[in-house]
Every structure is written in C-alpha cells, then in structure tokens.
Amino acid sequence: MSAVAGALLSVRGLRVEFATRAGPLVAVDDVSFDIAPGEVLGVVGESGAGKSLTGTAIIGLLDPPGRIAAGEVWLEGRRIDNLPPEQIRKIRGRRIGMVFQDPLTSLDPLYTIGEQLTETILTHMPMSQAKARRRALDLLAEVGIPAPEARIDAYPHQFSGGMRQRVVIALALAAEPVLVIADEPTTALDVSVQAQIITLLKRTCREHGAAVMLITHDMGVIAETADRVAVMYAGRVVELGPVHDVIGHARHPYTSGLMASIPLISHEAPRLQQIEGSMPRLTAIPPGCAFHPRCPKAFERCGRERPDMMAAGTSRAACWLYAPEVVRS
Amino acid sequence: MSERPLIEVEGLTRYFDVSKPLLNRIVERLPKSTLRAVHQVSFSIVRGETFALVGESGCGKSTVARMLAGLIRPSGGAIRFDGADVTAVGSGGRAPHRRRLQMIFQDPYASLNPRWRVGDIIAEPILAFGLADDKAEIEERVSDLLRVVKLDPADRAKFPHEFSGGQRQRICIARALSNKPEFIICDEPTSALDVSVQAQILNLMRDLQDEFGLTYLFISHNLAVVRHMATRIGVMYLGKLCEVAPARQLFSAPRHPYTRLLLDAVPDISMTGKARRAITGEVPNPIDPPKGCAFHPRCPHAFDRCRSETPAPVATDGGEVACHAVAEGRI
Numbered sequence: 166m167s168a169v170a171g172a173l174l175s176v177r178g179l180r181v182e183f184a185t186r187a188g189p190l191v192a193v194d195d196v197s198f199d200i201a202p203g204e205v206l207g208v209v210g211e212s213g214a215g216k217s218l219t220g221t222a223i224i225g226l227l228d229p230p231g232r233i234a235a236g237e238v239w240l241e242g243r244r245i246d247n248l249p250p251e252q253i254r255k256i257r258g259r260r261i262g263m264v265f266q267d268p269l270t271s272l273d274p275l276y277t278i279g280e281q282l283t284e285t286i287l288t289h290m291p292m293s294q295a296k297a298r299r300r301a302l303d304l305l306a307e308v309g310i311p312a313p314e315a316r317i318d319a320y321p322h323q324f325s326g327g328m329r330q331r332v333v334i335a336l337a338l339a340a341e342p343v344l345v346i347a348d349e350p351t352t353a354l355d356v357s358v359q360a361q362i363i364t365l366l367k368r369t370c371r372e373h374g375a376a377v378m379l380i381t382h383d384m385g386v387i388a389e390t391a392d393r394v395a396v397m398y399a400g401r402v403v404e405l406g407p408v409h410d411v412i413g414h415a416r417h418p419y420t421s422g423l424m425a426s427i428p429l430i431s432h433e434a435p436r437l438q439q440i441e442g443s444m445p446r447l448t449a450i451p452p453g454c455a456f457h458p459r460c461p462k463a464f465e466r467c468g469r470e471r472p473d474m475m476a477a478g479t480s481r482a483a484c485w486l487y488a489p490e491v492v493r494s
Numbered sequence: 016m017s018e019r020p021l022i023e024v025e026g027l028t029r030y031f032d033v034s035k036p037l038l039n040r041i042v043e044r045l046p047k048s049t050l051r052a053v054h055q056v057s058f059s060i061v062r063g064e065t066f067a068l069v070g071e072s073g074c075g076k077s078t079v080a081r082m083l084a085g086l087i088r089p090s091g092g093a094i095r096f097d098g099a100d101v102t103a104v105g106s107g108g109r110a111p112h113r114r115r116l117q118m119i120f121q122d123p124y125a126s127l128n129p130r131w132r133v134g135d136i137i138a139e140p141i142l143a144f145g146l147a148d149d150k151a152e153i154e155e156r157v158s159d160l161l162r163v164v165k166l167d168p169a170d171r172a173k174f175p176h177e178f179s180g181g182q183r184q185r186i187c188i189a190r191a192l193s194n195k196p197e198f199i200i201c202d203e204p205t206s207a208l209d210v211s212v213q214a215q216i217l218n219l220m221r222d223l224q225d226e227f228g229l230t231y232l233f234i235s236h237n238l239a240v241v242r243h244m245a246t247r248i249g250v251m252y253l254g255k256l257c258e259v260a261p262a263r264q265l266f267s268a269p270r271h272p273y274t275r276l277l278l279d280a281v282p283d284i285s286m287t288g289k290a291r292r293a294i295t296g297e298v299p300n301p302i303d304p305p306k307g308c309a310f311h312p313r314c315p316h317a318f319d320r321c322r323s324e325t326p327a328p329v330a331t332d333g334g335e336v337a338c339h340a341v342a343e344g345r346i
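In order, the protein sequences belong to chains A and B. Going letter by letter, the first sequence gives residues 166 to 494 in this note's numbering. Going letter by letter, the second sequence gives residues 16 to 346 in this note's numbering.
Just chain A, same shape as in the assembly (with noise of 0.2 Å):
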C-alpha cells in the first residue's frame, strides 16, 4: 500500500472507528480514492454515509472516540495519517484548505475578517503584517467582495451568508493550498446565492491551481462542478468513476436508484421512482454488500460476500453484477 505515482492525495483502505460500550461502530470503511493535481472529486451520499467523516479522516480532526483505525492518507507522497498533531497542523491550512458547511461557525465572531486572514496568512507565510494586510485585501477582491477596503475590519456578522461563505473560501486558499477540501459548502446558501458559490469556488481553485474534495449530497452541484464522483454508501464508496459516466450510466444499481429517486427540473415525472427502506444505522450494518436488502437486482451471493470495487464499463463499482464470471454469463 502506497501512493499511486502522480497523485496529490491517496487515501488507502481508510477504516474510521468509533469505540462505544457495545464494541466499535465502523463509520468509514475500506475506502479508497485518489485525487489528481488540480482535480475536482465529488464525494457524494446520504447523511451517515460516511463522507463528512472521510474529509475530517484525511485533515486529521477527527474527534474522540472517532479514530483511523486502518489505512493510509498519503499528500504529495508522504504520509501524513499517522503524523504527529504539531505536524498535521501545518499542512492543514497550508497544504490542505478547508471550507465547512455553515459559514458563521466557521468564522471567529470576535474577531474582524482582516484579523483572521491576516492570522491565516502570518501563521503559514513568513511575511510582514502589513503584506499580510495587503494580501488579505487581495483575497477578498479575488472572491467578490465589494469594497474590501471597507469590509475587511467587518465583523462575520455584518456579513450575509453568501458572503460569509466568501470570506470562507479567501481563508482556505489563503496559503496557497494544493488541495481544498469542501464539506457542503452551498447546504446552507439559498439556490441563487449557491449558484454563485459554486462558480466562484470553481474558478478560485483552477486559478490557484488547488485540487477540490467536494463533499455533498446535492447531484446537481456534483454534476456541474466534479470530474469524478465517488458515491458512498454506509461507509464505503460504492461506485466511483467519470462524472458524465456514473449520472448518465450509473453502474451499482444504488446510483442508479438514487438518480431515478431525484425530481427534475427539466420534466414531468407521474411518479418518481424510489429506494424502499433506508440507509441502515451503523449499528446494524447487513451483511455481505450493505446494499442488498433495498436493492431490486440483489441475488444469493450478494447477502453472503462483501463485493470490492471491480471494473464496470469506464467506472468502477462494488457490486457482484460485475463480477468477471457474472459478466461473462
């Protein structure tokens, strides 16, 4: 197990674990992804699928009792998993940028915008306080604040929450991160002030050259804004492949039924098709694939083995319907 050559981030066999009184819960399990300089991964699922907790996994914030129990999270081939926290706190915020779901808990309410840029930056650059400043101003006219002259002595709360948001994503490429990781960062955001977000987060990380590790649930921003999707499911990526590939043919029959199970905007449907039965609890995870009893094509093998990811068309999926000897019969 190491990184694959010429990737930015490997995650390996990622196992996260929480010890409860009635034994470990498997949150995160045997999860395993790349992400390539410069790309745009979705990571996407239901909530208590496992996503959020694979983002906190790799920049090393877990909380007690949560704790990497197996595999390896390697950022430009080193292996920053089992790096002392002193360690792990220099490369988040400098190598890796964080934007979280809710703009106002992300953002220090006693402090002015400047003042935590200015943090930020000084913290991960050697640099004068008053480049810092001027950096910091450069940052906030770069993600459309208007007037950052002006607003750069605001306090987060004289910000709306798109802009808020803003303010969020100048912090994360403050240091010029070579990976951003962002955890729903449009959930709270009104449908025309997401729109925005999402532009602006694409077109900043393009310019500063920053990976993005986009964590949603929403389909429709993983489908204008990721190369490739990795869909979880109670813990594991299910299917992972091509954008075009995994929303037009989606291969593990999840996707699939989590596509049909969304409302378009673009036309009528009498009905809208639907998974019976819902995620399982982390407590009674089923055996053999996770999946089996809500999937309509399940068969004898898939309640006895656990499928691992196999290849299926230009995508890879975990799931015994692409199984060399299923495929070939």
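It should be emphasised that the hints constitute simulated quantities derived from the structure, not laboratory data. Heads up, some of the hints might be wrong.
Pair ranges (Cβ atoms, derived) [unchecked claim]:
id : chain 1 : residue 1 : chain 2 : residue 2 : range
1  : A       : Arg-368   : B       : Gly-98    : 47 to 57 Å
2  : A       : Met-292   : B       : Leu-86    : 47 to 57 Å
3  : B       : Ala-268   : A       : Gly-413   : 27 to 37 Å
4  : B       : Glu-177   : A       : Arg-471   : 22 to 32 Å
To list a few chain B residues with every Cβ distance to chain A over 10 Å, as calculated [as the list claims (entries may be wrong)]:
id : residue
5  : Glu-23
6  : Tyr-30
7  : Val-42
8  : Gln-55
9  : Ala-268
Beta carbons: idealized from backbone N, C-alpha and C, even for Gly.
Starting from the known structure of chain A, fit chain B onto it as the hints suggest.
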C-alpha cells in the same frame, strides 16, 4: 375553476415589530422598526389541487403558511376558508374550520414529542377535536392510519427516537390525517430528508391526495420538488407574490424576471459541465426593502419606473405577474 375556491387569501399582510427595547429607543433616538414579512399577498386554492409557494429563505412563505394555519394572526387582509372569514376568529382549536385543516412541518425530529408513544401522538388530534372517545375505536383508527402511511400498526407502542427521519415524517403525516382534514399545509415537508427518502414521502403524499381528495398548500425552496408536486405555483420575493401560474406554464414560460433567474440558478443533473447562470447580489434586508419593485437591484430588466413604483399584479393567461416590464410588454 367555476367552483368556489376552498381557500381565498386577499391582501394578506404581516408585520413583525423588531424595534429595540423602549429605553434603548429613547436613549439612542431610534424610530420603531418593523419587518415586513408578508405584504399584500392574494391567491386562492381550488379543492383538490396543490398550490405551491416557492422562494428563498426570508421571503415570507412560511409566515403565509403559519397565518393560514392560524398559528399567528395577520396584521391585515383576509383569509376565507370555504367562504367563511377565519381571520376574525381567534386562535385556539375551537374554531369550526380548524378540524378541517392540518399541518406537516419541516423537521420530523422537532415536531414529534420525544416522550410520547407514536400511538398517543397520532391519537391526539382525534381526542383534541373530540372525534371519538372510545378507546378501542381510537386504537383501531390509529392502526389504520399507520397502515395508510405504510408503517406497521405495532409501531404504535414505540417512541419517535426508534424511527428514521423518513419514518418520522410518515408519523407526522399519519397525525395530520387523523382528524380527516380537507386541507393540509406542508411547510418544507422533505427538506430535512435524503433524496431517496424524499421520493418515498412525495409519492406517498400524492397517493394520499388521490385517495382522500386532499388539498395541499406546499411550501418549498426546491423548484424541482415543487414541479413534481404542484398544480399551480406562487413565487414569492421579499414578502410579495411576484408571479402565480399553473405549474407547467411556470416552468415552460416563466414571465417574471425573478422566476426566470431562479429557474436558471437551479443545478440540474442533466447539465454536466454546463455552468448555471448565477443571480447577482443577495436578498435584501426585509427591514429596509428597496423602494419600488423589491427585486429591482438584482433585475437585469430594471428601469426607472421599477425603482420608484411598486408593480401591481397583472393577469396573464392562467396566472398573474407583478412586473412593470411584463405589463408594458417589454419582456
């Protein structure tokens, strides 16, 4: 449409007093300030249809719903339920129309009492309206309702925390159906749910509408969900209705510039790689809304008249639009 509408709303208005405390106002010489949550909203809902209100947060759609449900009093205007003015009647469950309407809320985690068993939760409206007092009869009715929403009658004895989000919303629906209402106000009923569960709940709501002939007021910020559910749609912006139209027409030929931009701003999974057209700017503060048409600072078609004069709704085929540019035939 010749039939009398079940719900008629006329000039509905609600202001909230958001002034600072009296002493602060005197010391700081501040005037009273009011938030105009809903201003002069008029629409009607025909029996058996689903009327949807869409808009971004803070546009007043939930305030309209709460006024219709009688949870807050309007500052002005009239609500007629089946011809009878219900704004004159005070709050409280004794008003005769109250047993004919029910409400489903957004968050199924917050709208079920965690200390009550599911059976008691569903039976409460039956008891509150005195529709039955025989224990066996109530129990039978609760079991029926659980079957209607596709849960197990044995779930009666469980507590809400034993259910997933989607199952809880089914319990909320069963409770809403228990006093056999004709009109159900659904305030973002699926916003807290995952998409695969959302599909189940939306399908269930449509089935129930067919089965019991229900009329829905459906509030949502999600245009795709609204398209799926609604017969007619009202688009709200800063406390006002800017466009009302039959659902199909609203999506195929939106008239108001705000509706057009809102439709363009929705991400669609069929448009991979294409960028959405973003609306510039954000929703202004409702305490100090822009003069004239509230949308004019963000509107690409705004001209002088929009900045000074509030547009009145004008009839279009099947609906109405409040926009000077549409009224003058410029767009």
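Structure-based check of each hint:
| no. | hint | in the structure |
| --- | --- | --- |
| 1 | A:Arg-368 to B:Gly-98: 47 to 57 Å | holds, 56 Å |
| 2 | A:Met-292 to B:Leu-86: 47 to 57 Å | holds, 56 Å |
| 3 | B:Ala-268 to A:Gly-413: 27 to 37 Å | holds, 28 Å |
| 4 | B:Glu-177 to A:Arg-471: 22 to 32 Å | holds, 28 Å |
| 5 | Glu-23 | holds, 28 Å |
| 6 | Tyr-30 | holds, 22 Å |
| 7 | Val-42 | holds, 22 Å |
| 8 | Gln-55 | holds, 23 Å |
| 9 | Ala-268 | holds, 14 Å |
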